[in-house]
Amino acid sequence: MNTICIAEDDAHIRGLMLEYLNREGFRILEANDGRQALQCLENLQVDLLITDLMMPWINGIELITEVRKIDRDIPVLIITAKEMFEDKKMGFLAGADDYMVKPIDMDEMVLRVRALLRRAKYAREQRIEYHDTVLDYNNYGFFIKGQPIELARKEFEILFLFMSNPNKIFTRQQIMDHVWGRDANSVDRTVDVHINRIRDKLVDNEDIKISTVRGLGYKLVRNYE
4 MNTICIAEDD
14 AHIRGLMLEY
24 LNREGFRILE
34 ANDGRQALQC
44 LENLQVDLLI
54 TDLMMPWING
64 IELITEVRKI
74 DRDIPVLIIT
84 AKEMFEDKKM
94 GFLAGADDYM
104 VKPIDMDEMV
114 LRVRALLRRA
124 KYAREQRIEY
134 HDTVLDYNNY
144 GFFIKGQPIE
154 LARKEFEILF
164 LFMSNPNKIF
174 TRQQIMDHVW
184 GRDANSVDRT
194 VDVHINRIRD
204 KLVDNEDIKI
214 STVRGLGYKL
224 VRNYE
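When the count follows the numbering used here, it moves up by one through the sequence shown with no breaks and lands on 228 for the last residue.
I should point out that these hints are in silico values taken from the structure, not numbers from a laboratory.
Just so we're clear, the structure is a prediction, and the values are computed from it rather than from any experiment.
One or more hints might be untrue.
Unchecked claim - Only pairs whose alpha carbons sit at most 25 angstroms apart, straight line, appear in this in silico PhoX-like list of lysine-lysine:
#1 K171 / K222
#2 K157 / K204
#3 K148 / K204
#4 K171 / K124
Claimed, not checked - Cβ pair distances, simulated, as ranges:
#5 E86 / F146: 38 to 44 angstroms
#6 E89 / D135: 38 to 44 angstroms
#7 M109 / Q129: 28 to 34 angstroms
Backbone N, C-alpha and C define an ideal beta-carbon position, used for all residues, glycine too.
Let the hints inform the model, and build the full structure from the sequences given.
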(Lines of atoms letter the chains of each structure in order from A and count residues from 1; the text may use other names and numbers.)
(Lines give C-alpha, C1' and ligand atoms only; values in the text may rest on other atoms or scores of the structure.)
Protein backbone atom coordinates (compact mmCIF):
# COMPACT_ATOMS: atom_id res chain seq x y z
CA MET A 1 0.00 0.00 0.00
CA ASN A 2 1.40 3.37 -1.03
CA THR A 3 1.51 6.16 1.56
CA ILE A 4 0.65 9.71 0.50
CA CYS A 5 1.23 12.85 2.57
CA ILE A 6 -1.24 15.69 1.94
CA ALA A 7 -0.01 19.14 2.98
CA GLU A 8 -3.08 21.40 2.80
CA ASP A 9 -4.26 23.98 5.32
CA ASP A 10 -7.85 24.00 4.03
CA ALA A 11 -9.51 21.18 6.01
CA HIS A 12 -12.40 20.83 3.55
CA ILE A 13 -10.17 20.38 0.50
CA ARG A 14 -7.84 18.09 2.44
CA GLY A 15 -10.83 15.99 3.50
CA LEU A 16 -12.02 15.61 -0.11
CA MET A 17 -8.58 14.50 -1.24
CA LEU A 18 -8.40 12.04 1.63
CA GLU A 19 -11.82 10.61 0.78
CA TYR A 20 -10.99 9.99 -2.89
CA LEU A 21 -7.50 8.62 -2.24
CA ASN A 22 -8.67 6.38 0.61
CA ARG A 23 -11.29 4.98 -1.74
CA GLU A 24 -8.47 3.97 -4.09
CA GLY A 25 -6.65 2.09 -1.34
CA PHE A 26 -3.94 4.62 -0.44
CA ARG A 27 -2.76 5.27 3.10
CA ILE A 28 -2.99 9.00 3.87
CA LEU A 29 -0.98 11.18 6.22
CA GLU A 30 -2.51 14.63 6.82
CA ALA A 31 -0.57 17.82 7.44
CA ASN A 32 -2.12 21.21 8.20
CA ASP A 33 0.97 23.06 6.98
CA GLY A 34 4.43 22.61 5.54
CA ARG A 35 6.05 22.17 8.93
CA GLN A 36 3.87 19.15 9.80
CA ALA A 37 4.45 17.70 6.32
CA LEU A 38 8.20 17.98 6.71
CA GLN A 39 8.04 16.15 10.04
CA CYS A 40 6.10 13.33 8.36
CA LEU A 41 8.64 13.02 5.57
CA GLU A 42 11.58 13.07 7.98
CA ASN A 43 10.16 10.37 10.25
CA LEU A 44 7.96 8.13 8.10
CA GLN A 45 8.13 6.28 4.79
CA VAL A 46 6.15 8.37 2.30
CA ASP A 47 5.71 7.42 -1.37
CA LEU A 48 4.22 10.67 -2.69
CA LEU A 49 3.67 14.24 -1.50
CA ILE A 50 0.69 16.43 -2.42
CA THR A 51 1.18 20.02 -1.35
CA ASP A 52 -0.48 23.42 -1.56
CA LEU A 53 1.73 26.46 -2.13
CA MET A 54 0.13 28.95 0.26
CA MET A 55 0.50 27.53 3.77
CA PRO A 56 1.56 28.91 7.17
CA TRP A 57 4.98 28.35 8.76
CA ILE A 58 6.56 26.69 5.72
CA ASN A 59 5.03 27.37 2.30
CA GLY A 60 4.90 24.87 -0.54
CA ILE A 61 8.05 26.03 -2.31
CA GLU A 62 10.05 25.96 0.91
CA LEU A 63 8.63 22.53 1.72
CA ILE A 64 9.59 21.06 -1.66
CA THR A 65 13.08 22.54 -1.40
CA GLU A 66 13.59 20.90 2.00
CA VAL A 67 12.03 17.62 0.85
CA ARG A 68 14.48 17.40 -2.04
CA LYS A 69 17.32 17.49 0.49
CA ILE A 70 15.81 14.42 2.18
CA ASP A 71 14.63 12.48 -0.86
CA ARG A 72 15.41 13.56 -4.39
CA ASP A 73 13.15 10.90 -5.93
CA ILE A 74 9.81 11.15 -4.10
CA PRO A 75 7.06 12.32 -6.50
CA VAL A 76 5.62 15.75 -5.65
CA LEU A 77 2.24 17.01 -6.90
CA ILE A 78 1.37 20.68 -6.31
CA ILE A 79 -2.34 21.48 -5.98
CA THR A 80 -2.89 25.21 -5.56
CA ALA A 81 -5.04 28.19 -6.50
CA LYS A 82 -1.98 29.96 -7.89
CA GLU A 83 -2.28 29.72 -11.66
CA MET A 84 0.25 32.21 -13.02
CA PHE A 85 3.09 30.85 -15.14
CA GLU A 86 5.67 32.25 -12.72
CA ASP A 87 4.09 30.25 -9.88
CA LYS A 88 4.24 27.07 -11.94
CA LYS A 89 7.82 27.82 -12.93
CA MET A 90 8.85 28.27 -9.29
CA GLY A 91 7.12 25.01 -8.36
CA PHE A 92 8.85 22.95 -11.03
CA LEU A 93 12.22 24.57 -10.41
CA ALA A 94 11.90 23.72 -6.71
CA GLY A 95 11.46 20.06 -7.67
CA ALA A 96 7.74 19.40 -8.26
CA ASP A 97 6.77 16.69 -10.74
CA ASP A 98 3.21 17.83 -11.54
CA TYR A 99 0.97 20.87 -10.99
CA MET A 100 -2.81 21.24 -10.73
CA VAL A 101 -4.79 24.47 -10.32
CA LYS A 102 -7.81 24.63 -7.99
CA PRO A 103 -10.62 23.89 -8.30
CA ILE A 104 -9.55 20.42 -9.39
CA ASP A 105 -11.33 17.31 -10.59
CA MET A 106 -10.71 14.72 -7.87
CA ASP A 107 -10.85 11.82 -10.31
CA GLU A 108 -8.18 13.50 -12.43
CA MET A 109 -6.09 13.96 -9.29
CA VAL A 110 -6.27 10.21 -8.63
CA LEU A 111 -5.15 9.48 -12.19
CA ARG A 112 -2.20 11.84 -11.85
CA VAL A 113 -1.23 10.32 -8.51
CA ARG A 114 -1.24 6.83 -10.03
CA ALA A 115 0.84 8.02 -13.00
CA LEU A 116 3.42 9.63 -10.72
CA LEU A 117 3.67 6.48 -8.58
CA ARG A 118 4.10 4.29 -11.69
CA ARG A 119 6.87 6.56 -12.94
CA ALA A 120 8.60 6.48 -9.54
CA LYS A 121 8.34 2.67 -9.38
CA TYR A 122 9.93 2.35 -12.81
CA ALA A 123 12.74 4.73 -11.80
CA ARG A 124 13.42 2.72 -8.63
CA GLU A 125 13.60 -0.50 -10.62
CA GLN A 126 16.21 1.09 -12.87
CA ARG A 127 18.35 2.15 -9.90
CA ILE A 128 20.10 -0.64 -8.00
CA GLU A 129 21.88 -0.03 -4.70
CA TYR A 130 24.07 -2.42 -2.73
CA HIS A 131 25.28 -0.37 0.24
CA ASP A 132 27.82 2.07 -1.26
CA THR A 133 27.59 0.66 -4.79
CA VAL A 134 24.94 2.23 -7.05
CA LEU A 135 24.00 1.56 -10.66
CA ASP A 136 21.61 4.04 -12.29
CA TYR A 137 20.39 2.60 -15.58
CA ASN A 138 18.44 5.70 -16.63
CA ASN A 139 21.57 7.86 -16.59
CA TYR A 140 24.09 5.14 -17.38
CA GLY A 141 25.90 5.89 -14.16
CA PHE A 142 27.86 3.59 -11.87
CA PHE A 143 29.12 4.83 -8.50
CA ILE A 144 31.18 3.42 -5.66
CA LYS A 145 31.06 5.45 -2.43
CA GLY A 146 29.69 8.37 -4.43
CA GLN A 147 32.54 8.34 -6.96
CA PRO A 148 31.64 7.76 -10.63
CA ILE A 149 33.28 4.72 -12.24
CA GLU A 150 33.64 4.79 -16.00
CA LEU A 151 32.29 1.71 -17.77
CA ALA A 152 32.13 0.93 -21.48
CA ARG A 153 28.58 0.35 -22.73
CA LYS A 154 28.85 -3.45 -22.87
CA GLU A 155 30.50 -3.53 -19.44
CA PHE A 156 27.61 -1.48 -18.08
CA GLU A 157 25.01 -3.80 -19.64
CA ILE A 158 26.72 -6.87 -18.20
CA LEU A 159 26.94 -5.33 -14.74
CA PHE A 160 23.27 -4.29 -14.88
CA LEU A 161 22.34 -7.87 -15.78
CA PHE A 162 24.31 -9.23 -12.82
CA MET A 163 23.18 -6.61 -10.29
CA SER A 164 19.55 -7.18 -11.31
CA ASN A 165 19.97 -10.90 -10.63
CA PRO A 166 22.32 -11.43 -7.66
CA ASN A 167 23.52 -15.01 -7.11
CA LYS A 168 22.04 -16.15 -10.42
CA ILE A 169 24.48 -18.07 -12.62
CA PHE A 170 24.75 -16.88 -16.22
CA THR A 171 26.47 -18.93 -18.90
CA ARG A 172 28.60 -17.14 -21.44
CA GLN A 173 25.92 -17.76 -24.06
CA GLN A 174 23.21 -16.23 -21.86
CA ILE A 175 25.37 -13.15 -21.34
CA MET A 176 25.96 -12.94 -25.09
CA ASP A 177 22.21 -13.19 -25.77
CA HIS A 178 21.31 -10.50 -23.22
CA VAL A 179 24.03 -7.99 -24.08
CA TRP A 180 25.03 -8.57 -27.70
CA GLY A 181 21.81 -10.19 -28.97
CA ARG A 182 21.08 -13.66 -30.26
CA ASP A 183 22.46 -12.91 -33.73
CA ALA A 184 25.84 -11.69 -32.48
CA ASN A 185 28.93 -13.39 -33.92
CA SER A 186 31.15 -12.78 -30.90
CA VAL A 187 32.83 -15.70 -29.18
CA ASP A 188 33.10 -16.75 -25.53
CA ARG A 189 36.44 -14.96 -25.20
CA THR A 190 34.64 -11.63 -25.71
CA VAL A 191 32.55 -12.23 -22.59
CA ASP A 192 35.63 -13.19 -20.55
CA VAL A 193 37.47 -10.03 -21.60
CA HIS A 194 34.56 -7.81 -20.56
CA ILE A 195 34.13 -9.65 -17.24
CA ASN A 196 37.83 -9.17 -16.46
CA ARG A 197 37.58 -5.45 -17.22
CA ILE A 198 34.62 -5.15 -14.85
CA ARG A 199 36.52 -7.07 -12.18
CA ASP A 200 39.44 -4.66 -12.49
CA LYS A 201 37.06 -1.78 -11.72
CA LEU A 202 35.56 -3.67 -8.76
CA VAL A 203 38.90 -4.73 -7.28
CA ASP A 204 38.55 -2.52 -4.19
CA ASN A 205 34.76 -2.73 -3.98
CA GLU A 206 33.50 -3.93 -0.61
CA ASP A 207 29.92 -4.68 -1.68
CA ILE A 208 29.94 -6.92 -4.76
CA LYS A 209 32.15 -9.18 -6.84
CA ILE A 210 31.72 -11.34 -9.93
CA SER A 211 32.59 -14.97 -9.22
CA THR A 212 33.41 -17.71 -11.69
CA VAL A 213 31.29 -20.85 -11.38
CA ARG A 214 33.51 -23.56 -12.83
CA GLY A 215 32.04 -25.27 -15.86
CA LEU A 216 28.96 -23.03 -15.88
CA GLY A 217 29.68 -19.31 -16.11
CA TYR A 218 29.56 -16.32 -13.80
CA LYS A 219 27.44 -14.88 -10.99
CA LEU A 220 27.38 -11.73 -8.87
CA VAL A 221 27.95 -12.20 -5.16
CA ARG A 222 27.16 -9.61 -2.50
CA ASN A 223 30.10 -9.52 -0.10
CA TYR A 224 27.94 -8.83 2.95
CA GLU A 225 25.80 -11.94 2.60
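Results of checking the hints against the structure:
no.	hint	verdict
1	K171 / K222	holds (6 angstroms)
2	K157 / K204	holds (14 angstroms)
3	K148 / K204	holds (13 angstroms)
4	K171 / K124	holds (23 angstroms)
5	E86 / F146: 38 to 44 angstroms	holds (40 angstroms)
6	E89 / D135: 38 to 44 angstroms	holds (41 angstroms)
7	M109 / Q129: 28 to 34 angstroms	holds (31 angstroms)
Comparing the model with each numbered hint stated earlier shows that all of them hold.
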